[in-house]
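Q: Protein chains in written order, with the numbering used here: chain P, 1 to 238; chain A, 1 to 298.
Hints were generated in silico from the structure; no laboratory data involved. Keep in mind that a hint or two might mislead.
Label-pair restraints from in silico Cβ distances [said to hold, decoys possible]:
1) A/Lys283 x P/Ser129: 21 to 29 Å
2) P/Asn38 x A/Lys83: 30 to 38 Å
3) P/Asn63 x A/Phe108: 38 to 46 Å
4) P/Arg107 x A/Leu106: 45 to 53 Å
5) P/Asp10 x A/Pro176: 20 to 28 Å
6) A/Phe97 x P/Thr182: 51 to 59 Å
7) A/Arg187 x P/Glu208: 33 to 41 Å
8) A/Leu106 x P/Glu208: 52 to 60 Å
9) A/Lys291 x P/Lys125: 32 to 40 Å
10) P/Asn63 x A/Val102: 17 to 25 Å
11) A/Phe97 x P/Ala37: 30 to 38 Å
12) P/Gln15 x A/Pro176: 19 to 27 Å
Below, simulated PhoX-like cross-link-like pairs (lysine-lysine); rule was C-alpha separation at most 20 Å, straight line [unchecked claim]:
13) P/Lys74 x A/Lys188
14) A/Lys188 x A/Lys83
15) P/Lys215 x P/Lys5
16) A/Lys161 x A/Lys30
17) P/Lys130 x A/Lys161
18) A/Lys86 x A/Lys30
19) P/Lys88 x P/Lys130
20) A/Lys30 x A/Lys291
21) A/Lys188 x A/Lys86
22) A/Lys188 x P/Lys130
23) P/Lys28 x P/Lys215
24) P/Lys88 x A/Lys140
From a predicted model like this one, the values you see are computed outputs, not experimental measurements. Even for Gly, the Cβ is constructed at its ideal location relative to N, Cα and C.
Take a look at the letters that make up each chain.
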Amino acid sequence: MTSLKIQNLDVQHGQLKAVRNLSLTVQKGEVVALIGANGAGKTTLLGSIAGVLRTTSGSILLNGQDITDLPSHKRVQAGLALVPEGRKLFTEMTIEENLRLGSTSARPGYWTVDSVLEAFPNLIKRRHSKTGLLSGGEQQATAIGRALMSNPEILILDEVSLGLSPLVVNQVYDSLKRLLETDTTIILVEQDLTRAMKVASRAVCMLEGEIILNKQMSEVSREEITDAYFGLHKVKDR
Amino acid sequence: MTNQIIQAILLGGYYALLACGLSFMFSIMKIINLAHGSLLVLSAYMFWLLADNYGISPFYGIFIIVPIMMLVGWGLQVFLLQKSAKAGELLPILTTFGLAIVIENLLFQQFGADTRSLAPYIGDLSWASWEIFEDIYVGKTSVYILIAAIIILGGLHLFMKKTALGRQIRATAHDPETAGLVGVNARKASVIAVALAMGTVAVSGLALGIRGVFNAYSGGPQLLFAFEATIIGGPASLWGTLIGGIILALAQTIGANIHPQGFLIGGHAIFFAVLFIRIFLSKGGMSQRIKSVLGISK
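The shape of chain P in the complex, shown without the other chains (with noise of 0.2 Å):
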């Protein structure tokens, strides 16, 4: 069953067509990773998901709706949400603030403050602590925690590992394994491809705004990928 559906997507920077022509379909309970170098319109792609950026044309349909002229928390009522590059929480507020403004436009669900701080445990005793004052694998936590809050369809996660150290990077996909085996559709960017590999059940290539691989991860190897994140492909093929 299609969940989200792009068709001729173009996003602009002011002259900069940061995303071209883009399509891209992606079914329910996949887990895709979103793989690209710095700059090639990874996060651009997920904004304009997400309702951040406005889109110059083209289209985005979520289980047959058009959001593509939505605001943001329309989009998070529909059953998107975006985790942001950099976790982006209300630093003067604490985690469980946090976690209850991600209920706002929320969907009925599983997750509660009570599921999310389950899912968690390394927030439980820091509950009530400012979100500013935390590490960063609490931040990552809470802002994902934060997402999750709005009983999400699809959950995009752009760059979890950012700033992170590999030990919490693993602690974060760990506390991840149990989202992962639910039907939650996950689109995810991750800058470590042996982690993406064994994560996702997709893989998508970007390199300068365009979608220049697109595979199961089952039949995709290591070096293709490589290939598509460098831009060799072009100068293999001659």
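The hints should help you fit chain A onto chain P, whose structure is shown.
A: Frame of chain P; chain A shown alone:
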């Protein structure tokens, strides 16, 4: 001496009540509303109109003027602040400066140069007092004004801390884009915040009218006292505004004791003293220090 301290605390309550709306918009929305004084005078005129034309007591007038001012707040946010905020941090401040001039001159055109007061419409309350110790009297209105300031500041504080809507407003003020991402309707939250601030401005206007006299250009001094109380109390805190108002009034009283014309100078002196000490104690470069003292750094 005791008498002067008690009267200064009551005067401080009045300054805090004047400052409620300004402090709220400053601490939550990070907007310095330079039209605060004029909007306050505007609502005082509305109370006067109701009382003079229709014989409605200012205390019943609250139920009419507060909603009207909340509507004014809605218009202010939707038609002025929201649009000007797109062009940078400074433009909303300039916009409110322009708005203050427009309101003042419209009021002058409508009501002329006569000073007005709400005192004639509140019966004996305008001069009634309680004797608390031997030979020490406190005006009833002054006490009611102090109580009103505590209720409004405390109510706003609790509302922002404890309710979902308060959280949404704080989140929107901190980062509107991320607020949208977690499902907050950022536009709605801002509109509600400004409407609330203007609701309190209506009460401040009532306090101005029953405590003294006003004319079309009375907004300036009110804005100044409100701003000084807000900054002295610390712009990040609503309770601080109450303390700030009292400190301001005490300094003015001490100033008046030193020299008959020292009343205003005493207030300005403590304002600048607090400002410079805070700048001196905060960290970073000069622009960063000023930003953190004004509470506009993120």
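Q: Now tell me, hint by hint, if it's right for this structure.
A: Now for the hints, and whether the structure bears them out:
Our hint of 21 to 29 Å for A/Lys283 and P/Ser129 holds, since their Cβ atoms are close to 22 Å apart. The hinted window of 30 to 38 Å between P/Asn38 and A/Lys83 holds, with their beta carbons roughly 35 Å apart. As the Cβ distance of P/Asn63 to A/Phe108 is approximately 59 Å, the hint placing it in 38 to 46 Å is violated. Distance hint for P/Arg107 and A/Leu106: a CB-CB separation of about 48 Å, consistent with the stated range 45 to 53 Å.
Here the CB-CB span from P/Asp10 to A/Pro176 is close to 25 Å, well matched to the stated 20 to 28 Å. Range check, A/Phe97 to P/Thr182: about 54 Å between beta-carbon atoms, so the 51 to 59 Å window is met. Hint check: A/Arg187 to P/Glu208, Cβ distance near 35 Å, so the stated range 33 to 41 Å holds. At about 56 Å, the CB distance of A/Leu106 to P/Glu208 agrees with the hint of 52 to 60 Å.
The hint said 32 to 40 Å for the Cβ distance between A/Lys291 and P/Lys125, and at roughly 34 Å that hint holds. For P/Asn63 paired with A/Val102, a C-beta distance near 49 Å fails the hint of 17 to 25 Å. Range check, A/Phe97 to P/Ala37: about 47 Å between beta-carbon atoms, so the 30 to 38 Å window is missed. Hint check: P/Gln15 to A/Pro176, Cβ distance near 25 Å, so the stated range 19 to 27 Å holds.
Of the supplied pair hints, the one linking P/Lys74 and A/Lys188 holds, its CA atoms being roughly 13 Å apart against a limit of 20 Å. In summary, the hint linking A/Lys188 to A/Lys83 is supported, as the alpha carbons are separated by about 14 Å, within the 20 Å threshold. Using a Cα cut-off of 20 Å, the hinted pair P/Lys215 and P/Lys5 holds, with the two alpha carbons roughly 16 Å apart. For the proposed pair A/Lys161 and A/Lys30, the alpha carbon gap of about 17 Å is at most 20 Å, so the pair holds.
At roughly 13 Å between alpha-carbon atoms, P/Lys130 and A/Lys161 fall within 20 Å of each other, so this suggested pair holds. Between A/Lys86 and A/Lys30 the alpha-carbon distance is near 14 Å, which keeps this suggested pair within the 20 Å criterion. Between P/Lys88 and P/Lys130 the CA atoms are separated by roughly 13 Å; this keeps the pair inside 20 Å, and the hint holds. Distance hint between A/Lys30 and A/Lys291 is fulfilled; the C-alpha atoms sit about 11 Å from each other, no more than 20 Å.
Taking the CA atoms of A/Lys188 and A/Lys86, the gap is about 16 Å. The hint holds against a cut of 20 Å. With a C-alpha separation of about 25 Å, the suggested pair A/Lys188 and P/Lys130 falls outside the 20 Å cut-off, and the hint is violated. Taking the CA atoms of P/Lys28 and P/Lys215, the gap is near 16 Å; set against the 20 Å cutoff, the hint holds. Distance restraint check for P/Lys88 and A/Lys140: the Cα-Cα separation of roughly 50 Å exceeds the 20 Å cut-off, and the hinted pair is therefore not satisfied.
When held up to the earlier numbered hints, the structure conflicts with 3, 10, 11, 22 and 24 and fits the remainder.
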